[in-house]
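**Student:** These protein sequence lines map, in sequence, to chains A and B. Residue 108 is where the first sequence ends in our numbering, and the numbering goes up by one at each step. Residue 221 is where the second sequence ends in our numbering, and the numbering goes up by one at each step.
By construction, these hints were calculated from the structure, which means they are not laboratory data. Since we're looking at a predicted model, the values are computed, not measured. Please note that a few of the clues may not be correct.
[As the list claims (entries may be wrong)] Derived coverage of chain B by chain A (criterion: at least 3 residues anywhere in the stretch with Cβ under 8 Å from a Cβ of chain A; other residues may be distant):
#1 121-132
#2 163-174
#3 213-219
Where is the CB? At the ideal position from N, CA and C, for every residue including glycine.
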Amino acid sequence: AQRVTQPEKLLSVFKGAPVELKCNYSYSGSPELFWYVQYSRQRLQLLLRHISRESIKGFTADLNKGETSFHLKKPFAQEEDSAMYYCALADNTDKLIFGTGTRLQVFP
Amino acid sequence: ETGVTQSPTHLIKTRGQQVTLRCSSQSGHNTVSWYQQALGQGPQFIFQYYREEENGRGNFPPRFSGLQFPNYSSELNVNALELDDSALYLCASSSDRGMGGYTFGSGTRLTVV
Numbered sequence: 001a002q003r004v005t006q007p008e009k010l011l012s013v014f015k016g017a018p019v020e021l022k023c024n025y026s027y028s029g030s031p032e033l034f035w036y037v038q039y040s041r042q043r044l045q046l047l048l049r050h051i052s053r054e055s056i057k058g059f060t061a062d063l064n065k066g067e068t069s070f071h072l073k074k075p076f077a078q079e080e081d082s083a084m085y086y087c088a089l090a091d092n093t094d095k096l097i098f099g100t101g102t103r104l105q106v107f108p
Numbered sequence: 109e110t111g112v113t114q115s116p117t118h119l120i121k122t123r124g125q126q127v128t129l130r131c132s133s134q135s136g137h138n139t140v141s142w143y144q145q146a147l148g149q150g151p152q153f154i155f156q157y158y159r160e161e162e163n164g165r166g167n168f169p170p171r172f173s174g175l176q177f178p179n180y181s182s183e184l185n186v187n188a189l190e191l192d193d194s195a196l197y198l199c200a201s202s203s204d205r206g207m208g209g210y211t212f213g214s215g216t217r218l219t220v221v
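In isolation and in its complexed conformation, chain A is listed as follows (with noise of 0.2 Å):
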């Protein structure tokens, strides 16, 4: 069955530590994986999409095929990073299957 998985609903970290949001994820093809990301009061947005290999904000992900894994890595974390974080992946029919969320508290 497909499925993304995030394990921990929250995370708090103080200003400056490195965050490590986990996302594993079954499927049986080549997935295609994202994070979306929601501030508070604003609307669910993508953050970074493993296709591109991108860092966003500082943010990078990293496709782990043997671990099925895509875990989300900043190494210092700021207080505007606080919000709700989505693992998603698309299958082969484009829709996003998402995992329940982490959200991500930054104390200063």
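Assemble chain B onto chain A, guided by the hints.
**Tutor:** Chain B only, in chain A's frame:
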């Protein structure tokens, strides 16, 4: 702010009623998807339209139906509302069937009483 516009923002309906939610996609986006997001959950895929034809459907009953119009606006219709249909309904559009990522609307909060 340009992008995807949804209406209404909030709606209260009675069990058994029917509801239509509307979405205006970003200009040039030929793919639109609808998602249901229950409290504390990630968005769940309802269905997708590509160039006015249904292009995929999630695990939702037939009383959830949709339309996409030539101007790329779309509708989500839900018949015989149930209490469990209470959720945030999100519309998302893309120009390339989602590979470049979807642009999401702010959602319609539906409450069924």
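**Student:** Decide, hint by hint, whether the structure agrees.
**Tutor:** To see whether the hints hold, each was checked on the structure:
Residues of the region 121-132 of chain B lying with their CB closer than 8 Å to a CB of chain A number 0, which falls below the three-residue condition for coverage. Coverage of the region 163-174 of chain B by chain A holds in this model, with 3 residues showing a Cβ closer than 8 Å to a Cβ of that chain against a need of three. Counting residues of the region 213-219 of chain B whose C-beta lies closer than 8 Å to any C-beta of chain A gives 3; at least three are required, and the coverage claim holds.
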